[in-house]
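Undergrad: Note that the protein sequences, when read in sequence, are chains A and B. Heads up, the first sequence is in the working numbering, so the first residue is 1 and it goes up one at a time. Heads up, the second sequence is in the working numbering, so the first residue is 1001 and it goes up one at a time.
Treat the hints with caution; some may be incorrect.
[Said to hold, decoys possible] A short, non-exhaustive set of chain A residues, derived as facing chain B with CB atoms under 10 Å:
id	residue
1	L6
2	P147
3	T148
4	H196
5	F222
6	R250
7	L264
[As the list claims (entries may be wrong)] Listed next, the in silico DMTMM-like pairs over lysine to aspartate or glutamate satisfying Cα-Cα at most 20 Å (straight line):
id	chain 1	residue 1	chain 2	residue 2
8	A	K24	B	E1088
9	A	K4	B	E1081
10	B	K1056	A	E155
11	B	K1087	A	E246
12	B	K1056	A	D254
13	B	K1084	A	D11
14	A	K4	B	D1075
If you're looking for bench data, these hints aren't it; they were derived computationally from the structure. Cβ atoms here follow ideal geometry from the backbone N, Cα and C, with glycine treated the same way.
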Amino acid sequence: MPLKHLSEYRDKGLARKLIEAIWKRSHKPLRLMEVCGTHTMAIFRYGIRQVLPPHIQLISGPGCPVCVTAQEEIDRSVKLAGYPGVMITTFGDLFRVPGSRSSLQAERSEGADVRPVYSTFDALRLAEAHPEKEVVFLGIGFETTAPTVAAAVLEAARKGLDNFSVLSFHKRLPPALEALMEDGNLRLDGFLYPGHVTTVIGTAAYEKVAQTYGIPGVVSGFEPVDILESIFMLVEQIEQGRVQVEMQYRRGADPQGNLKAQELMDQVFRPMDASWRGLGLIPESGLCLRPEFKAFTAEERFDLRVPPAQEHPGCACGAILRGIRTPPECPLFRAVCRPDHPLGPCMVSSEGTCAAYYKYGG
Amino acid sequence: MMKGFGFGESENHKKSKETKMCLAVPMEVKEVSGNTAWVELEGIRREVRLDLLEPKPRPGDYVIVHAGFALHRIDEEEARESLKTWKEFLAHASQTPE
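Based on the provided sequences and hints, a complete structural model is requested.
TA: Set out below in structure tokens:
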């Protein structure tokens, strides 16, 4: 049975026509960055790199939430897991990322209470069911996920849940894109912007990237037809010499974003300077809880200071996240770093560039 | 001109039902009750929060669900129009010689 709002965008006939149109229209060599890890996975899963003209290169960017979580942040969550009476809740993949000395998974096998959840409200339910525990939600991810954490904090405040807190490692995408361009090592002709971050924040934030650095962009959905349409739109802009932020994903995002989600996010969080793996410290690129929500801030309850972080020597995740190296150029890739034994987060995460290269080749 | 066209989803992936962090999918709203709704995709029902959606969706609407929250109500007309425009454009483009 066809799935509404999905099957139409997996139509092979339509995809073939788009590929033909791209071949006809595109003449200049192009380097396009797909910012989002979900785009990376879709591009590999559907073999999109193989069907494009050879002069169009797709480069993966810093949009995999687990991958950009800094080593020091992993170390802090590992330290948190060691406190007696703490239950850590978070989304899937983060567990397996090796920190400087240990991982959450290793801590769990030593007896720490670490639980994956599907939603922030699952974490709230655990806090209600276990009043004897200190339930901490590890907030990772971009603007798509941060509002769901904001909603949970507001609900916890309403209910007076005093055994729930958040350790926020949330990141804001636009400052990272600006940092990438400032770095100067990356030569790019266009951005494929992430549809669901845009669903929340809207397109205004990308205008600065377009105007300051002269890089065109298209906000893209996640199905193969979406991605091909977006690539075609970028090709058109570049061939015509235009620099704009355009919207392909019209069914999934409004240009102004989701105002309600923005409101909740602003109510609970404020921007702070944050460290990114591969990109270093970026001003105002993270989110922390506002002082009014101090009661729900994990750092207020636990000492989470850690020694300087150490990454695996030789791990190229940082350069891969900046788009200046590819996984096969990393000496660890396949040889010793594999999905069953990952040495860096880009291999751990199901959305990581190394995991995609490993699974689909390339 | 084009290389072998290996377009299509791998079998491995069709079987995989894992919940990926950023995988937000369109699901049909079945029931709305206060700040939660029951939504469905491929026969799988799930309860989602509506805290982030204003105005609230109605049964029959499609919403994009991310990590247990409805994040966006899909504009049916926008979706239909956009698809139609692309199909017309591509039909025309494929008849135009280089």
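Undergrad: Each hint needs a verdict: does it hold in this structure or not?
TA: A quick look at each hint next to the structure:
1. L6: holds, 6 Å
2. P147: Result: holds, 5 Å to nearest chain B Cβ.
3. T148: holds, 5 Å
4. H196: Cβ of H196 (chain A) sits 5 Å from chain B, so the hint holds.
5. F222: Hint holds; F222 (chain A) Cβ to chain B Cβ min 8 Å, cut 10 Å.
6. R250: Since the shortest Cβ distance to chain B is 5 Å, the answer is holds.
7. L264: Holds - the Cβ of L264 (chain A) comes within 10 Å of chain B, reaching about 7 Å at its closest.
8. A:K24 to B:E1088: holds, 17 Å
9. A:K4 to B:E1081: holds, 15 Å
10. B:K1056 to A:E155: holds, 18 Å
11. B:K1087 to A:E246: holds, 19 Å
12. B:K1056 to A:D254: Between K1056 (chain B) and D254 (chain A) the Cα gap is close to 16 Å, so the pair holds against 20 Å.
13. B:K1084 to A:D11: Cα-Cα ~14 Å, so holds.
14. A:K4 to B:D1075: Within the cut-off at roughly 13 Å; holds.
When each numbered hint is compared with the structure, no violation occurs for any of them.
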